[in-house]
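Student: Here are the chains, one letter per residue:
Protein chains: 8
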Amino acid sequence: MQNWTIYLFGEIHSDWRERIDQGLRAAKLPVECLAPVTDHAASDDCGVEILGNESESFWMDHKGAKINAIRTRTYIERADVVVVRFGEKYRQWNAAFDAGYAAALGKPIITLHDPGLTHALKEVDGAALAVAETPEQVVEILKYVMRAS
Amino acid sequence: MQNWTIYLFGEIHSDWRERIDQGLRAAKLPVECLAPVTDHAASDDCGVEILGNESESFWMDHKGAKINAIRTRTYIERADVVVVRFGEKYRQWNAAFDAGYAAALGKPIITLHDPGLTHALKEVDGAALAVAETPEQVVEILKYVMRAS
Amino acid sequence: MQNWTIYLFGEIHSDWRERIDQGLRAAKLPVECLAPVTDHAASDDCGVEILGNESESFWMDHKGAKINAIRTRTYIERADVVVVRFGEKYRQWNAAFDAGYAAALGKPIITLHDPGLTHALKEVDGAALAVAETPEQVVEILKYVMRAS
Amino acid sequence: MQNWTIYLFGEIHSDWRERIDQGLRAAKLPVECLAPVTDHAASDDCGVEILGNESESFWMDHKGAKINAIRTRTYIERADVVVVRFGEKYRQWNAAFDAGYAAALGKPIITLHDPGLTHALKEVDGAALAVAETPEQVVEILKYVMRAS
Amino acid sequence: MQNWTIYLFGEIHSDWRERIDQGLRAAKLPVECLAPVTDHAASDDCGVEILGNESESFWMDHKGAKINAIRTRTYIERADVVVVRFGEKYRQWNAAFDAGYAAALGKPIITLHDPGLTHALKEVDGAALAVAETPEQVVEILKYVMRAS
Amino acid sequence: MQNWTIYLFGEIHSDWRERIDQGLRAAKLPVECLAPVTDHAASDDCGVEILGNESESFWMDHKGAKINAIRTRTYIERADVVVVRFGEKYRQWNAAFDAGYAAALGKPIITLHDPGLTHALKEVDGAALAVAETPEQVVEILKYVMRAS
Amino acid sequence: MQNWTIYLFGEIHSDWRERIDQGLRAAKLPVECLAPVTDHAASDDCGVEILGNESESFWMDHKGAKINAIRTRTYIERADVVVVRFGEKYRQWNAAFDAGYAAALGKPIITLHDPGLTHALKEVDGAALAVAETPEQVVEILKYVMRAS
Amino acid sequence: MQNWTIYLFGEIHSDWRERIDQGLRAAKLPVECLAPVTDHAASDDCGVEILGNESESFWMDHKGAKINAIRTRTYIERADVVVVRFGEKYRQWNAAFDAGYAAALGKPIITLHDPGLTHALKEVDGAALAVAETPEQVVEILKYVMRAS
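Chains as they are written, first to last, in this note's numbering: chain F, 1 to 149; chain H, 1 to 149; chain S, 1 to 149; chain Z, 1 to 149; chain A, 1 to 149; chain D, 1 to 149; chain Y, 1 to 149; chain C, 1 to 149.
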């Protein structure tokens, strides 16, 4: 069986990545899961932390966002499939932005969110090949598409 | 002077497109401005209106989102420059998604939003070639990049 | 309003192209409709007719299919939107092949067929941005995506 | 000798994949063969099985077709060569669609079908680099193109 | 009817381009024919003529070949269809090179040559969508692929 | 004769663009010449002028450089041929950067510089299709590649 | 040190591939050399041998050329560098065609031929990054570009 | 953790590559660092050394620059991230050229230079995802983007 690389991005305040990881490991699938930096503070501060402080918060954010983009774009390019989760909190525009980026590269997209977000996410779901409500459904999809035949 | 095509997408509840249009027309620039369908109800209902009703709201949204994507993707592809505006209200994930799509195609991006949204938009701004706060600044940018030389 | 180019391919034994053409002309949309050669005999015979006869029917078909591909691929590349119709009769593998070709190029696809073909066409419909049952619905979709905004 | 990846898609009701597999293994070629999910029922039901039932058969098909597309597109992209078989039964529009998709990506295509289907498949054969009638011929082609030199 | 651009390259010592031109003009097709510089001496000498002499013939040829490539590559990119003619005389490696370049870009190729060259040109013909023996056949092909429908 | 678009970038302190323009106009060639903003002060200040001042000169430069990139990238993409001039003064890293950008897009490149810069520019010249010493040579090259045939 | 893949195509009647192979092995470079099928008779006959005889020599050649293209295109795509040799005998249009194909994909090209062929090969040499006269020079180039740094 | 490939190009007269190498090795990151040939004399002379002398220094440079391009382009294509350093001395147009080439391919770029070069490098910095002043900052960026998550 060939290896698959899955990039799990979006919401960082619940355990959905762990649940997908566990499910995949339990199924012994040859999958490598990639993720963005999920430590919120580290992600926000990496720019000024490494490259020096800024007096303007705009540039502080700017430097950090670009360093994170080194990882983000590299992982989108490498992924066979991307999974993006949206939660109730925060605006999560970066998740939607990365989903659009992945769509333009032709990457198969699985979205993961509660039904309550359906209307707001209709364009993202419209570009996805599957719309899941639970991490376990994502695991089942990956098990299915990777089964022996 | 050569023609430029500008695609103005994102927020649909203020007059920013009109102000950009007016500014460009006043400057007599050879620009064609494109926009998504900005009639909110028409945009939401186009799927079921044209292709028949759905019992599930998920599929109602799905059909509409995909028809709108015919216009959206065509206009992103045609644009020399895309301008995306984010407002305070609504989640606007489709705007962020289209910005990511445009970024992956290498389109020059101008973002337009209030400073209050800077932190939430840092990844989108990080991929943009200009971050404006007013429609008039967008006009000035376009006047500048299209000037005689 | 900018011009759109629409490529109408697939089934050649009913008047669906004319009905779309009429609808678009009635709406005065700036659209150019393209079509494959719809004269069945001419299409089948063009290879041997122009380049000389063949003793084997395989090569007779081969020469004709390739000459038709000059037109087919050129029109798919030029199209902003492709519309593909499947009917009850014939295998129409060339229509499905061209739909796959268009999908790989990222062209927005509208399919047009009776509900009775839904199961057989599910993969093609799955790659489409709209699934219509009548030519009039295709016209409405095009009117919608080309409206002033 | 370098590894080759071959994607075998199309007809799922005869033993052609096994015969190609056996022939390649007998020849000890460094080939990995990929296939779509060939369990017809599993393939048809995967959408509703994993993501929940649908009242409309259109959406039931739709969800399944898209999940299968995750595998299909990934395998077409990975393949060095694609082999597509058409049989007498069923419409097999998905096979023709995937062949068109592969053609647009520039993948070398081998078609496999009985001579009786030649006229109906002339456009697909016209885009192929070889047209075989038996699985054994496909094996011979692969042995030939992978020989030491 | 939409315009087509045809690039006619290869052999420069017979009147095949004129015959194609005449045939197309007689048919009143909206075609623009492009050609390389067909003045053999001008083509050979353009490098040293414009950019200064060279003591080594290798560099004399080199400078000329590259200036000609400015035209050649631009015209291949612009062409909807390329027609390449091979004659009995000279090695014409540049014609075969440009045909390979066009093939990699996915341009529809028509080859034009006497049957006596078939074996030597089998790889080029294998990548072509039509193999003609006379300029008149090329005209007929273009008339066919551009007919009203 | 078809139109050509030429992008003239690099050194902005001598009259080389005017001399090329004059030569092309004298030859009545259907060429459109594009240029970056050549007003040094306007180019340096556009960022802060339009989008507001910065306390750090780094960000002042940054905002300006990106606005100029909107024009620069658009014009490189549109150009059939790019001409880049290097002079004795200044570092002109942006000119070399844009030449590399154009090379990766496959644009035909003509370099224009004094022989004294040959060693320093050998990699850029190595990627060019012509290396000229005077604007008049550039005009002759363009006249040659655009001649009737 | 990273692996490099080199595709050696063109002339098949002298020992140049062996000499390059030996040189690279002596230098213990991590290189894999690929080649087309160099058994002339096998290459000419593969089409009819595997897929059945043809009465017309045109189609006999056609079937063989296309099967060889499966290998040829796969190896060009895989190669980091392509080396093409031209000899005095035969027309070798397939070698020039493949060189053009490789050029359009942006593959670094090394040509290998006697000085006597310089004028005839000027366009191919013009697209190459090195023009060698002996296999030993090709080995030296590869040793140089792969050295530790 | 997945492997990353980093291409370190630009200035060759200080120990910045060694410092980055050491930092990465100390952090035990799965990184492979690539570099151009940094032996200045070898790099300048490789053309004539391997392929024979030239009477004109232009062609001497030309042959060398192109051989170096075989390595340069291959490494840019392979890199996940490119790091380019500019120093005070020399014109370093090849570094800026390669940065532009990498930018057009969408490679994440990190620039490394003293603040004194900021104004001259503003366009290159504007296309970069990070602007570092010390090799240690580059190491920190790579450690950050490669951390577990």
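Please note that the accuracy of each hint is not assured.
[Stated by the list, open to error] The list that follows gives simulated cross-link-like pairs (lysine-lysine, DSSO-like), each with its CA atoms no further than 30 Å apart:
(1) LYS28(F) with LYS28(C)
(2) LYS89(A) with LYS28(S)
(3) LYS89(A) with LYS89(Y)
What the hints contain is simulated information worked out from the structure, not anything from laboratory work.
Owing to the predicted nature of the structure, the values given are computational and were not obtained by experimental measurement.
Student: So if I understand the rule, the pair passes when the alpha-carbon distance is 30 Å or less; does LYS89(A) with LYS89(Y) pass?
Tutor: OK: LYS89(A) and LYS89(Y) at ~14 Å, within 30 Å.
Student: Is LYS28(F) close enough to LYS28(C), meaning Cα to Cα at most 30 Å?
Tutor: Answer holds: LYS28(F) to LYS28(C) is near 28 Å, not above 30 Å.
Student: Can the restraint linking LYS89(A) and LYS28(S) be considered satisfied, given a maximum Cα separation of 30 Å?
Tutor: violated, 56 Å
Consistency with the previously given hints fails for number 2 only.
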